[in-house]
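There are 2 protein chains.
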Amino acid sequence: MTAGAGAQDTPLALICGGGSLPLAVADSVSARGRSVLLFPLHGAANPTDYAGRPAHWLYYGQGGKFERLAHAAGCRDVVFIGSLVRPALWQIRPDWRILKYMPRILAAYRGGDDHLLKSIGRLFEENGFRLLGAHEAAPEILMPERMLGRVQPTERARDDIAFGLDYLRASGPFDIGQAVVVVDKHVLAVEAAEGTDAMLVRVAEMRASGRVRSTVGTGVLVKAPKRGQDARFDLPSIGPRTVENVARAGLAGIAVTAGSSILAEPERIVAAADRAKIFVVGVAAETDR
Amino acid sequence: MTAGAGAQDTPLALICGGGSLPLAVADSVSARGRSVLLFPLHGAANPTDYAGRPAHWLYYGQGGKFERLAHAAGCRDVVFIGSLVRPALWQIRPDWRILKYMPRILAAYRGGDDHLLKSIGRLFEENGFRLLGAHEAAPEILMPERMLGRVQPTERARDDIAFGLDYLRASGPFDIGQAVVVVDKHVLAVEAAEGTDAMLVRVAEMRASGRVRSTVGTGVLVKAPKRGQDARFDLPSIGPRTVENVARAGLAGIAVTAGSSILAEPERIVAAADRAKIFVVGVAAETDR
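If you're matching them up, the sequences are chains A and B in order. Following the working numbering, the numbering of the first sequence begins with 6 at its first residue and continues without gaps. Following the working numbering, the numbering of the second sequence begins with 6 at its first residue and continues without gaps.
Don't take each hint at face value.
Cross-link-like lysine-lysine pairs, in silico, DSS-like; alpha carbons within 27 Å at most [unchecked claim]:
#1 A:Lys190 with B:Lys70
#2 B:Lys105 with B:Lys190
#3 B:Lys123 with A:Lys190
#4 A:Lys105 with A:Lys70
#5 B:Lys105 with B:Lys70
#6 A:Lys105 with A:Lys123
#7 A:Lys282 with A:Lys190
#8 B:Lys123 with B:Lys105
#9 A:Lys105 with B:Lys190
#10 B:Lys190 with A:Lys123
#11 A:Lys123 with A:Lys190
#12 B:Lys190 with B:Lys123
None of these hints come from the bench; they were simulated from the model.
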C-alpha cells in the first residue's frame, strides 16, 4: 500500500486499456492530491471516454514516445490499468527505443498473458520507471472483505463460493481466466480468453436454451486472481456491468477475493446489486470451508 | 473389454441420448451378431434418427417401463450412450417403480454430472441389470493410440497437447468439462456446461472479433476423460462435426485420449480431417512431455 509513498510528489503515469476502470483510478489518484498523466492505448481505450481530458495516446510498442513524455513530466511511477486485447503483431508499432527489445517481446508473446505482461513490466523497470499496481496508487479501489449492498449470500451460495475458489486455485498455475460460475457445486462456465462478461452472457444463453436448468436466483460468479499473478497488471475487477450480467445470467451473486480484486465505480455496483437483488461479497482468498 | 462376454447371447438394452453415437454403437453391436433393444430418451434423442427402427421411447424417470420391457426381452446388459441434457425436475415423469427412489435421485441432482449418473447407475445394478460402457459392448469405437488421417501434429502442437492434458488433469476433480483449446500454451477456452461444439464456436467467434489473434492453423482441441470418471456413462467423444468445428475455429487439430475416448463414425472423421487438413491423434492419457 505504501510502495508509492516516496514518489507521491511526482505525477503518476497511467497507461490506460479499455473499460471504465482507468478513469476511475485516475479520478481516485487525483482526489488524493496527486497529478496524473493519461496514456490511453489505441485499440483498447475508447476515445469518447477521454474527450476533454489531456491525454497522450499511444500505439502498442511506442515505448520511446512514452519514455520521452513521462520523463519530461517528471513521472517515476507507472500504472497499467484496464482491459487489454492481445494486439496482433502487425498492430504493434515499435519505435526506435523499443526495437532493441523486440526479440524479448516476441519471445514473451508465446505463453499466457501473465508471461507477456511480466516481460513488458521488466522493460519498464530497466528503463528507470517503477511499475505499481493500481491498488497501490489508489487503495480504495480494492475489494474489502465484507458484503457490499443489502443482499446476503445463503449457505448454499457460500458452498458454491468455496467450490469456485477451490477450482480457481487448481487452475491458477495454467495462467487461464480468473472467473468461474458455480451452481450447486456444479461448474457451469469457466472463463478463459473470452472474458467475464462473455462468460456471463453464455450462462444466460444456456439458461434460455434449456441447457442449464438450475433455478433462477441460484449460483455464483466467483473471481479470484491467479496464483502468482502479478498484481501490478491484471487484478480481477468487477463493475456495474458485471452486476447486470450476473443478474441476466440468473445467478444469486458475486464473490471476489478481498484485497486482490478491484471495484470499478463502487457506488454504482452497490446500487445495481441492490436493485437486482444480487449479493456482492469480498471473501478471503484462502477459505477453509 | 470382456465384461459383457458372459451375456453375449442376451440382447443389449441401449438407452440412447442425443447425437449420432447411439446408433453407431447399435450398428456396431449388431454387426458383432448381438441383438440390440433401443430405448431413446424423449428430449434427448432425435425422433427422425430412429424412424424405421423398432424402439421403445422413454421419458426421464420411466424406470418401471424400461425394466418391464428389458426383462421381457431377456436383456441383462444395459448401455447408456449419447448426449444428455440435464432434464428439469418437472420433465422427469417417474413411474411407480421409480417413485421410491426419488429421494435418492433428488439428492443426487445437486452436484456434478458424474455424481448424478453414478447414482442412477447404482439403481440399475440394484435392479438386476449390469451397466456396461459402450466401449465394452463395441470395443472398435474406442480411440486408438495413433494418428487418424494423413495430417501430423507439429512439435508446437504436441506442446499444446501436453499442456492441455495437464490442465484437464488438474481440473478433473471438479467434475467439469472434458475439453480445452490451447494455442501456444495459452488456454483460449475451457468447456463446462456448454459442450465441446459450443466451445469451438466460441473460439471461432473470438477469432472473428479479433479477441483471439493466434495464427490460423495453430492450436489444439484436447479432450480427455475426467479423472475418476465412470466410463460407463460419459466418455469424451468426437465425430465429424467436431472436426468441422475445429476447422472453423482455425485450429491445427484434435488430440483425444486413446482407449478412453469414443469415435463416432471414424471413416467420416478421417475424411473430414483430411479434407480440412486437421490432425486427429489418440494420445496416452499420462504423457510425460
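Margin query: Need the list of violated hint numbers for this structure, in ascending order.
Written below: Hints 1, 2, 11, 12 contradicted; others consistent.
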